[in-house]
Amino acid sequence: MKKKILFIMPSMFIGGAERSLLGLFEVIDYEKYDVSLFLYRHEGEFLSYIPEQVHLLPPMKEYGTFDVPIRSLLFSRRWMFGLARLISKLALKLHCLISGEKKGVWMSMQYTARYLLPLLPEIPGEYDLGVMFLGVADPLIHKVKAQNKVAWCHTDYDTLYPNKEMDCKTYEAVDHVVFVSDACRQKMARFYPALLDKTQVIENVLGERLLLQQAEVSVNDMPRLDDGYILLSIGRFSNAKNFDNVPGICKSLLGKGLDVKWYIIGYGGDEPLIRQRIAEAHMEDHVILLGKKENPYPYIKACDLYVQPSRYEGKCVTVREAQMLGKPVVITRYATSASQLEDGVDGVIVPMDNEGCAEGIAALLRDPEKMRQLSETCRNRDYSNASEVEKIYQLMEG
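Counting from 1, position 29 in the sequence shown corresponds to residue 28 in numbering that gives the first Met the number 0; the numbering is continuous, with no gaps.
These aren't lab readings, by the way, just hints derived from the structure by calculation.
Note that this is a predicted model, so its numbers are computed, not measured.
Positions of the beta carbon are idealized from the N, C-alpha and C atoms, including for glycine.
Wrong hints could be hidden among the right ones.
[Unchecked claim] Simulated restraints on C-beta separations:
| id | residue 1 | residue 2 | range |
| --- | --- | --- | --- |
| 1 | LYS1 | CYS167 | 26 to 36 Å |
| 2 | ILE69 | GLU164 | 19 to 29 Å |
| 3 | ASP226 | PHE74 | 51 to 61 Å |
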């Protein structure tokens, strides 16, 4: 009898967690395990990449109300969900007013889940393992029948600004809390030391076969430079990724006599800010936003240097993917950067400030032998983390 695993995700739009899940699906032993996936919304560019061996559960419209505009819900047949969302928003505002705590995306998700839960139906089936792969785990706890339940955290806990009381109740109710790096695990342990015993590190599993296959596609919107360098960054247009400072860094590189074009793949709410910074720095010809790309791998393959200038990360999937494609990589010194790469061996860590970042990038671009060594090291290492799937199997033992 196969053991049954359920993964829960909001959707399959382009993102690091979504890529990691697809990588995990690539290495699971389907002869031994029956795998199901429940999505709040059957939407996203990666929807078609879900393997046929994975049972995609039918959509339940109630779960699609998590991020529908409140006004739309209030003036529809699902007005009760709109009312619940409105109450959750008011409760969150009141909590922050009384406590003085900063409202963040995670806390908003916590309150939304709390007030929508009574209206949500149970997710069908019985499972040996239930995994909330992205987002708050309350629906997993209250709406899934599973012998073992896992909450997965993909980011640096210092950046989440949670309601700690709500988080404690959630994590106490699951059997395991999984982090994508030990640095992320230790950050969480400072918040909730009593929960450390139920935490575990399972690194992102990356689908090497699909990545190498997709990297062979040709692209025509990132042309080569005769004597310059192509830099590339990928990620959501959000505060975490720090793309708003790329125009300043790029301008500094040009001032140091380096001919560079810096391309950014992604999308998100910070796009107007990034475009504003590009205009202010007069970098329209040197910082180019390519928008959302379902397949970013040909762009990684075509660039000279991959740069992740983030303010914070958990474990950046695109950095790993660039290394898998044998590219030299630069990342900023965010809190968990040491867990991302081996500085000077398979990548370079540079200061967070714009000038320090530019100095570090310039030093590497002027050292072709160092660039070659970084690429060679990356090509000789296995970054797929395929063996990490064994840890998931072990979670079913309780």
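### Non-conforming hints, listed in increasing numerical order
The structure conflicts with no hint, since it agrees with every one listed earlier.
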